[in-house]
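4 protein chains.
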Amino acid sequence: MVISMKRHATRQEIDEVTDQVKRFGYKVHSIEGEERVVIGVVGVGDVTACLESVEAMPQVEAVTRITAPYKFVSKEFRKEKTRIRVNGTEIGGNEFVVMAGPCSVESEEQILRAAEGVAKAGAKLLRGGAFKPRTSPYDFQGMEEEGLKLLQKAKKQTGLAIVTEVMSDRDVDLVAHYADVLQIGARNMQNFVLLKALGKCGRPILLKRGLSSTVKELLMSAEYIVAHGNPEVMLCERGIRTFETITRNTCDIAAIPALNELTHLPVILDPSHATGKRSLVPALARAGVAIGADGLIVEVHPAPEKAISDGAQSLDLGQFEKMMNELKPYVELWKDTRPQAVAAAN
Amino acid sequence: MVISMKRHATRQEIDEVTDQVKRFGYKVHSIEGEERVVIGVVGVGDVTACLESVEAMPQVEAVTRITAPYKFVSKEFRKEKTRIRVNGTEIGGNEFVVMAGPCSVESEEQILRAAEGVAKAGAKLLRGGAFKPRTSPYDFQGMEEEGLKLLQKAKKQTGLAIVTEVMSDRDVDLVAHYADVLQIGARNMQNFVLLKALGKCGRPILLKRGLSSTVKELLMSAEYIVAHGNPEVMLCERGIRTFETITRNTCDIAAIPALNELTHLPVILDPSHATGKRSLVPALARAGVAIGADGLIVEVHPAPEKAISDGAQSLDLGQFEKMMNELKPYVELWKDTRPQAVAAAN
Amino acid sequence: MVISMKRHATRQEIDEVTDQVKRFGYKVHSIEGEERVVIGVVGVGDVTACLESVEAMPQVEAVTRITAPYKFVSKEFRKEKTRIRVNGTEIGGNEFVVMAGPCSVESEEQILRAAEGVAKAGAKLLRGGAFKPRTSPYDFQGMEEEGLKLLQKAKKQTGLAIVTEVMSDRDVDLVAHYADVLQIGARNMQNFVLLKALGKCGRPILLKRGLSSTVKELLMSAEYIVAHGNPEVMLCERGIRTFETITRNTCDIAAIPALNELTHLPVILDPSHATGKRSLVPALARAGVAIGADGLIVEVHPAPEKAISDGAQSLDLGQFEKMMNELKPYVELWKDTRPQAVAAAN
Amino acid sequence: MVISMKRHATRQEIDEVTDQVKRFGYKVHSIEGEERVVIGVVGVGDVTACLESVEAMPQVEAVTRITAPYKFVSKEFRKEKTRIRVNGTEIGGNEFVVMAGPCSVESEEQILRAAEGVAKAGAKLLRGGAFKPRTSPYDFQGMEEEGLKLLQKAKKQTGLAIVTEVMSDRDVDLVAHYADVLQIGARNMQNFVLLKALGKCGRPILLKRGLSSTVKELLMSAEYIVAHGNPEVMLCERGIRTFETITRNTCDIAAIPALNELTHLPVILDPSHATGKRSLVPALARAGVAIGADGLIVEVHPAPEKAISDGAQSLDLGQFEKMMNELKPYVELWKDTRPQAVAAAN
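Chains as they are written, first to last, in the numbering used here: chain A, 1 to 346; chain B, 1 to 346; chain C, 1 to 346; chain D, 1 to 346.
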């Protein structure tokens with residue numbers, strides 16, 4: 001159950017509602033928005049009685065019964081897709097948004113060339129890691145704050161928004177200072193301390209699915225972020241780990257329409273990590289558009305053969321531009337399927 | 001190494017070549033086509049010396065070195081996609097071919113209604129199981145020959161070609177008598193006795209990927225069929241088994257472009273078994289077109305709620321027609337990417 | 001529900017019972033043993049009414065309600081472990097039975113040396129493949145009937161019983177002629193035509209778990225064999241396919257006690273395929289004894305470095321003997337946990 | 001390559017060696033022990049030349065060439081098992097060490113009863129979570145510092161050492177203040193920021209394998225901790241995620257002997273998470289002893305039916321005591337296989 005309070009409800013009115021809910025055995029989890037407080041009701045209690053009682057309270061706008069274990073991120077809570085504005089672009093709306101750039105920020109020249117190239121080809125966000133989660137302690141761990149500064153420089157030069165990874169709750173404020181979108185890597189999808197810290201960071205989140213995480217666990221991790229105060233979460237399918245080794249991971253593409261049935265959060269496809277193989281990226285990107293993702297995040301490097309990490313799955317600038325051109329007619333078809341387009345046509 | 005003999009080479013000429021190859025330590029595996037014999041050379045030996053020696057023989061047309069463990073099905077052996085003609089339709093060519101119909105043949109009325117519906121919506125082959133591989137010995141095992149006869153009746157009435165499963169080498173001739181395409185189910189992908197028996201059946205094969213089979217194993221199983229004399233094999237991605245349970249299987253969609261890089265055999269997507277969920281089928285079908293599959297096989301039932309098996313993943317006739325209409329613009333884009341179209345444009 | 005008829009019930013008495021059961025909407029699946037007919041009742045109907053009605057019939061000995069989808073193999077149907085006598089040895093009883101031998105029968109010398117070695121070290125059955133399921137059509141496919149004859153020769157010389165694989169329903173009679181136990185390989189676990197053919201073969205079956213088969217599917221496949229008339233089935237855990245590649249498969253060892261809770265059939269562990277690595281076999285064998293398997297099947301080759309198949313996971317004769325000696329104290333502890341031992345102690 | 005400096009080498013001597021190594025193109029990673037500095041050499045360079053040059057330096061005790069990507073944790077670096085002393089108990093030596101206790105610390109009464117019970121039955125460490133990683137933000141998140149204080153109280157009362165989870169680098173000092181061993185949960189196995197923070201915490205680490213992590217990735221994560229200064233790491237197999245759902249996870253028991261071949265770090269088995277099912281725990285625990293684990297970590301709760309988390313997999317105190325008694329003869333056999341025992345016998 002989720003209770004939406006009337007706008008500008010007072011503290012006392014809110015407390016009355018939460019006290020009432022607790023009488024039925026429940027716990028509450030409130031999110032205080034600018035205009036409205038929303039109260040998540042969780043736990044075990046007498047649903048029907050509680051619902052009837054709360055609905056009758058004058059300060060309550062609406063009560064929504066939610067059967068899924070995730071509340072705020074469920075389609076039951078909100079039918080229309082969440083739209084997230086980033087630097088003039090809207091994710092989850094009528095625009096198919098492409099994020100692109102190198103795995104790691106390696107140097108000023110590299111990131112600026114990458115940024116210019118992907119901007120020219122039509123990307124709206126620049127990706128690039130400054131903090132890198134690497135399997136080996138001996139591998140390049142990222143340029144850290146210096147890398148963030150280079151991303152900011154690239155933003156100034158190209159107008160691209162920045163999406164970059166944060167690996168620790170300690171670094172959330174630092175990364176949020178430089179980035180437009182904070183990315184949570186697959187290996188941190190269930191780093192719950194980090195997820196909680198994102199609740200107050202003031203930036204949209206790109207939450208990547210864990211290597212062996214189910215769709216439901218992905219939604220529960222998103223719920224952590226939203227329940228701690230940040231409703232702007234994008235989910236990212238980036239391949240899961242299976243027995244098949246011909247690709248780096250196995251792209252669970254059907255998870256995209258499955259998520260679209262379960263949640264209102266935008267869903268982004270990462271065809272680069274999903275395949276690990278440059279030559280497969282454009283075909284998978286087309287499939288991502290066709291199946292109804294809200295956008296892509298693609299690894300692009302000005303010189304993939306020299307990349308410190310993930311060179312094999314990075315497109316060069318020419319390949320990326322070619323892919324973006326090939327995607328155009330698919331994006332046109334995609335637009336026709338958006339609820340907004342459908343609404344306008346009726 | 002694969003040796004293509006000149007057309008109409010004599011038995012003696014062929015024997016001379018195979019004898020020569022064996023001198024270098026190899027074994028041979030010949031396929032006798034109508035016009036030409038092709039000799040697969042397998043095993044361990046002195047590649048360079050053998051190749052040079054055989055190339056110089058007058059009765060030899062061409063020698064192709066093949067590094068993959070699968071020979072006849074590899075892209076190294078043949079660059080252009082294999083085109084398979086079935087009842088006036090060509091799979092692997094310029095047509096995106098849809099096969100549709102119920103999981104099982106259940107009754108005359110059911111299969112005829114299904115056939116008419118899917119034909120009207122644009123399918124070219126009718127699917128329907130007469131021999132059913134069921135996890136439980138107590139579940140419906142199929143109508144067997146009676147079901148095959150009903151399929152034949154449906155073919156007469158609608159002009160659709162028939163694709164249906166064969167589960168045992170004993171039944172290959174029987175099923176080949178009634179069907180245009182023989183389907184090998186996922187659980188039989190490594191039933192090697194059955195695969196060998198398909199070599200001489202005179203029908204194209206639809207080979208489904210095993211639940212936990214790799215792309216390479218799928219190709220090796222196809223190689224069994226081709227090496228035993230039947231070059232007309234279509235591969236089918238139908239989802240693999242992973243930890244994720246929100247869908248019945250996990251569609252390894254990136255396997256389709258990966259296969260297109262490795263083999264010349266056509267690749268079909270089965271969005272029904274891949275998801276197990278009716279509502280996800282149309283979106284996955286779109287992705288299949290966009291990613292470059294050669295066709296689809298889709299479960300359609302006139303009354304899915306009454307289906308004996310796989311009702312949850314079957315479209316009804318109206319849903320199938322709607323899906324086929326939605327696919328049309330994607331199929332138009334698909335045609336532009338076919339080598340034939342590209343060739344014509346140059 | 002499973003109905004045990006009284007001993008020597010007449011055909012008419014049996015028919016009266018099955019007719020009565022069908023009146024309640026059920027289907028029946030009868031197994032005719034030498035002394036007694038057992039009737040499996042499957043499908044959907046009015047359980048309570050049917051049970052009461054049948055229990056009252058004079059020719060009925062007992063009725064057991066079974067909730068699992070597998071009936072005859074379930075612990076609900078029979079509490080005590082099924083004991084299978086093979087050539088003087090009893091599997092499922094108070095003896096921990098080891099089967100050992102090479103992957104493939106390669107030559108008379110090889111199989112005789114292997115047989116003598118494993119017999120001396122304490123094995124009771126000789127394994128060795130004459131029909132080999134190989135991923136590649138170009139790999140050694142087995143010596144077929146010639147191999148079976150060599151196995152028979154080895155049996156005469158050593159007294160070992162023979163367990164060997166059958167790959168097709170066509171070969172069941174042939175293999176049953178030579179072998180004491182018929183092995184169904186992992187890739188054929190859901191070859192339902194083959195499973196049905198085993199029902200009348202007159203030999204115990206060793207049914208290996210499929211690479212991606214669940215414990216429940218393994219039990220359903222065993223149910224196929226039993227429901228078609230053959231109650232002597234042993235199950236074999238041989239590793240499943242996962243993302244981990246450091247071992248050839250992942251041994252799901254906890255499936256052994258899980259099976260012991262669900263079924264009365266004996267459970268055998270194959271530590272060779274489960275690991276694919278010789279050095280890990282003895283440790284895993286110890287674990288198999290400790291966890292309560294009923295026996296082991298182990299790959300042993302007189303000269304593993306020369307083996308045509310599976311050399312890397314085969315022990316040589318010395319290593320096998322050493323392992324058997326190390327297992328002895330574990331087998332002593334194992335005996336103390338057998339219900340028979342426990343019963344004797346009380 | 002790993003360079004062991006002579007005891008009490010001076011800063012200048014160490015610098016001379018690292019400078020020399022860097023001349024060959026390598027990077028260094030030093031660990032400063034109390035008596036001796038050990039220098040890990042990583043990266044790409046001229047191995048042979050570097051090795052010869054460094055071996056000749058007088059301040060160098062020994063140089064070990066290591067081909068594995070993990071250096072300090074590899075068996076190539078150290079042959080004998082690392083022994084870790086905790087509160088008078090030695091893990092990795094001649095004692096089979098059992099850690100036991102509830103999933104979460106829930107109350108003073110609960111943890112004290114658990115501690116007394118497991119101590120009495122022979123456990124040497126008490127487990128119990130104060131910081132809990134939970135899939136849902138609405139589930140109990142642990143008692144945090146209050147829980148740590150209760151663990152300390154239990155330690156005082158029973159003499160048991162404490163092992164408890166730390167979820168964030170922020171909390172390492174806090175948890176290290178109360179605990180004897182810091183546990184890293186499966187979901188944090190690749191939380192690299194946390195792993196680095198453990199390097200200086202002054203406590204042994206129990207590192208659990210991630211749900212979809214390979215054995216090699218587990219070793220690389222251990223290498224993070226050791227390379228950052230903490231050589232006292234225990235590895236824990238707790239089941240991996242596969243398609244099988246009859247158990248909560250799939251115990252990859254063969255990973256234990258595989259790890260014993262690759263690393264000198266002690267390996268602990270968690271039969272509770274590996275199965276998720278109380279009734280399977282004792283059998284799997286026996287297998288763990290037999291296969292050569294160095295210890296167990298087992299969930300035990302005084303009243304499992306009332307447990308806030310993981311009740312289904314928790315033994316009650318009587319069951320735990322029974323299991324410990326049953327393990328005794330297996331532990332006796334285990335002792336005979338320890339290198340120390342073997343050495344003493346020679």
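Errors might be hidden in some of the hints.
It does not matter which identical chain is meant; a pair holds if it fits inside one copy or across any two.
Computed list of lysine-lysine pairs in DSS-like fashion (alpha-carbon distance at most 30 Å, straight line) [unchecked claim]:
1. K200 to K277
2. K27 to K120
3. K322 to K79
4. K335 to K6
5. K277 to K79
6. K75 to K153
7. K22 to K153
8. K335 to K120
9. K335 to K27
10. K196 to K75
11. K6 to K27
By construction, these hints were calculated from the structure, which means they are not laboratory data.
30 Å Cα threshold - placement of K27 relative to K335: Intra 41 Å, inter 51 Å, cutoff 30 Å: neither.
Within, between, both or neither: K6, K27 at alpha-carbon 30 Å: within (20 Å within a copy, 60 Å between copies)
Up to 30 Å between alpha-carbons, please classify K75 paired with K153: within, between, both or neither. neither (39 Å within a copy, 46 Å between copies)
With identical chains treated as interchangeable, where does the CA-CA distance between K196 and K75 reach 30 Å or less: within a copy, between copies, both, or neither? within (22 Å within a copy, 39 Å between copies)
Up to 30 Å between alpha-carbons, please classify K277 paired with K79: within, between, both or neither. Classified as between; 21 Å across copies, 36 Å inside a copy.
Homo-oligomer pair classification [K6, K335; C-alpha up to 30 Å]: Neither, since 34 Å and 54 Å both go past 30 Å.
At most 30 Å between alpha carbons: which applies to K322 and K79, within, between, both or neither? between (36 Å within a copy, 23 Å between copies)
Can you give me the call for K22 and K153, within, between, both or neither, at a CA distance of at most 30 Å? Answer is neither; intra-copy 50 Å and inter-copy 33 Å both fail.
Homomeric proximity label, K200 with K277: Cα distance no greater than 30 Å: neither (37 Å within a copy, 38 Å between copies)
With 30 Å as the alpha-carbon cut-off, assign the pair K27 and K120 to within, between, both or neither. For K27 and K120, the Cα distance exceeds 30 Å both inside one copy (50 Å) and across copies (38 Å).
With 30 Å as the alpha-carbon cut-off, assign the pair K335 and K120 to within, between, both or neither. both (22 Å within a copy, 28 Å between copies)
Violated hints for the displayed structure, listed by number in ascending order: 1, 2, 4, 6, 7, 9.
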